[in-house]
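Asker: Residue numbers (my numbering), protein chains in the order written: chain A, 1 to 244; chain B, 1 to 307.
Quick caveat, the hints were computed from the structure, so don't treat them as lab data. The hints are all genuine.
Distance ranges between label pairs, derived from CB positions: (1) Phe186/A <-> Leu70/B: 40 to 46 Å; (2) Thr57/B <-> Gly55/A: 55 to 61 Å; (3) Ile190/B <-> Phe186/A: 56 to 62 Å; (4) Gly130/A <-> Glu110/B: 47 to 53 Å; (5) Val26/A <-> Ser134/B: 30 to 36 Å; (6) Ser134/B <-> Lys78/A: 17 to 23 Å; (7) Leu119/A <-> Glu105/B: 41 to 47 Å; (8) Gly37/B <-> Tyr22/A: 40 to 46 Å; (9) Leu119/A <-> Arg108/B: 47 to 53 Å.
Straight line, CA to CA, 30 Å or less: simulated BS3-like cross-link-like pairs of lysine-lysine: (10) Lys242/A <-> Lys78/A; (11) Lys78/A <-> Lys135/B; (12) Lys168/B <-> Lys78/A; (13) Lys3/B <-> Lys242/A; (14) Lys135/B <-> Lys242/A.
Where a beta carbon is used, it is the ideal one built from N, C-alpha and C, also for glycine.
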Amino acid sequence: MRNVGIIMRRELASYFATPLAYVFIVIFLLLANWFAFYLGSFYERGQADLDSLFGFLPWLFLFLIPALSMKLWAEERKSGSIELLMTQPVTLREAVLGKFLAAWIFTAFALALTFPLWLTVNYLGRPDNGAILAAYLGSLLLAGGFLAIGSCMSALTRSQVVAFILGVFACLVLLLAGFPGVIDVFRSWAPQPIVDAIASLSFLAHYDSIRKGVIDVRDLLYFAMLISFFLLATAIALDLRKAD
Amino acid sequence: MIKTEHLTKHYGALTAVEDVSFQVGPGEVLGFLGPNGAGKTTTMRMLAGFVTPTSGTASICGHDVESDPLAAKAALGYLPEGAPSYGEMTVRRFLAFIADLRALEGARREARLRHVIEHLQLGGVLDQTIETLSKGFRRRVGLAQAIVHDPPVLVLDEPTDGLDPNQKHEVRTLINDMARDKIIVISTHILEEVDAVCTRAIIISQGRIVADDTPAGLAARSRYHNAVSMQLEQPAQLSEARAAVAALPTVAQVEVSERDARLTALPRAGAPILPALSELAARSGLKLKELHLESGRLDEVFRTITS
Numbered sequence: 001m002r003n004v005g006i007i008m009r010r011e012l013a014s015y016f017a018t019p020l021a022y023v024f025i026v027i028f029l030l031l032a033n034w035f036a037f038y039l040g041s042f043y044e045r046g047q048a049d050l051d052s053l054f055g056f057l058p059w060l061f062l063f064l065i066p067a068l069s070m071k072l073w074a075e076e077r078k079s080g081s082i083e084l085l086m087t088q089p090v091t092l093r094e095a096v097l098g099k100f101l102a103a104w105i106f107t108a109f110a111l112a113l114t115f116p117l118w119l120t121v122n123y124l125g126r127p128d129n130g131a132i133l134a135a136y137l138g139s140l141l142l143a144g145g146f147l148a149i150g151s152c153m154s155a156l157t158r159s160q161v162v163a164f165i166l167g168v169f170a171c172l173v174l175l176l177a178g179f180p181g182v183i184d185v186f187r188s189w190a191p192q193p194i195v196d197a198i199a200s201l202s203f204l205a206h207y208d209s210i211r212k213g214v215i216d217v218r219d220l221l222y223f224a225m226l227i228s229f230f231l232l233a234t235a236i237a238l239d240l241r242k243a244d
Numbered sequence: 001m002i003k004t005e006h007l008t009k010h011y012g013a014l015t016a017v018e019d020v021s022f023q024v025g026p027g028e029v030l031g032f033l034g035p036n037g038a039g040k041t042t043t044m045r046m047l048a049g050f051v052t053p054t055s056g057t058a059s060i061c062g063h064d065v066e067s068d069p070l071a072a073k074a075a076l077g078y079l080p081e082g083a084p085s086y087g088e089m090t091v092r093r094f095l096a097f098i099a100d101l102r103a104l105e106g107a108r109r110e111a112r113l114r115h116v117i118e119h120l121q122l123g124g125v126l127d128q129t130i131e132t133l134s135k136g137f138r139r140r141v142g143l144a145q146a147i148v149h150d151p152p153v154l155v156l157d158e159p160t161d162g163l164d165p166n167q168k169h170e171v172r173t174l175i176n177d178m179a180r181d182k183i184i185v186i187s188t189h190i191l192e193e194v195d196a197v198c199t200r201a202i203i204i205s206q207g208r209i210v211a212d213d214t215p216a217g218l219a220a221r222s223r224y225h226n227a228v229s230m231q232l233e234q235p236a237q238l239s240e241a242r243a244a245v246a247a248l249p250t251v252a253q254v255e256v257s258e259r260d261a262r263l264t265a266l267p268r269a270g271a272p273i274l275p276a277l278s279e280l281a282a283r284s285g286l287k288l289k290e291l292h293l294e295s296g297r298l299d300e301v302f303r304t305i306t307s
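Looking at chain A on its own, in the form it has when it is part of the complex (with noise of 0.2 Å):
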């Protein structure tokens, strides 16, 4: 566990050492208030919460977090620093969850710079403040999935824009499972039980339901198992493919 903090602590270095950090904050605060202020009708709906923004939350995270997660394998995979990396006494599951957790933790931390919209609510009205905790909370958890996800299509090629393309549409697939036009492509041949299985998958499911306040544990569990199993799939994958 100690070598998880050390290598996570590089990776978050690392992040502010290059544009990449400010680049990524600027934007995504640009992005998110927009979305709130024009798109979500902040002032114009009249009501005292966050809905505005965590509504558009998930779409944003869609293109941004790939963004951020391309670079996680793909790039010590490239200049060929994972081989630095593999040959220190670290194993690879705290290789992977180090620098997975550096990337959810810096997502935290952009995530928290959305406070000015809390403080807005709270001055303009008397809002549920503990909804909105629920709602970052599930913000977090989508964003942790989206990273994990990320971190395994990172960990399946060297070109980061190939990462980054395959981690948007993973990411996409698992947001809409739960939609028609997805399961719509199962239910013409799939049995029912796996077409229900699928449609439980969805992110947006999950999401909504935290985000209106009732943290069930079942959610909980759904992020948990998620996140667990990409993690997982991205050391399996770097295994196998880490000097190709």
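Go by the hints and put chain B onto chain A.
Answerer: Leaving out everything else, chain B in the frame of chain A:
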């Protein structure tokens, strides 16, 4: 102790390394030689636990690299080919990161970091990011990370590649200094390196070991072993000298280089020919610029074995 037994790596239908077995003990500096693509790097990577062998085993200080990877890696200092590192990090932060992963702490950590920074002369670039460094400095940063934890075993994949002659000399001095109490394997395709640092050399070709010997032993395989080379003052005497040398009973063959008026006499079956030749020169009044005995040419042995 490094030990490999029947180490083999296939990439699909391609055989990168085939049945490589060797042992290296303390005090030995093993040069791993071979043409590009012969399987040097793949072998190094299997020793370092980065590539999984298709079959066979490798162990570092008794720790199998497959079944006990952390202990094997802890005993090993490894410089990957091309000395990859994290370009956006400063040298100082990078070395601190490696020291952390190597679990160095307290006074020992400070002492080791100071030691590698001093010995690899990194003091002037500590706060530069690695991507801004020259190739030579990057290689030295790679070497620094390999030795920072003072490992008993060092595996260095082309440690002097891309260095200028002065830097090569420094790195070789460093390797020689460490050689007394460590086990060192270096891969190289630079033959002068073998003479400069190695106590033993393995030549591999197409994934197989084709020679395993001391540098002197390898040189003795050369047809130039015990050959005598003489350079004449007057190029005009060249054809006359050639005829006289070729007439000696112990000389098998004479090679002539007109460019620098040089004769090389190859002996018959290892017979000593230097006395006969110096006597001949004195007797027939040949004016010599130079006369010397060759120990053998490694590059010629290398070409013969690997082509």
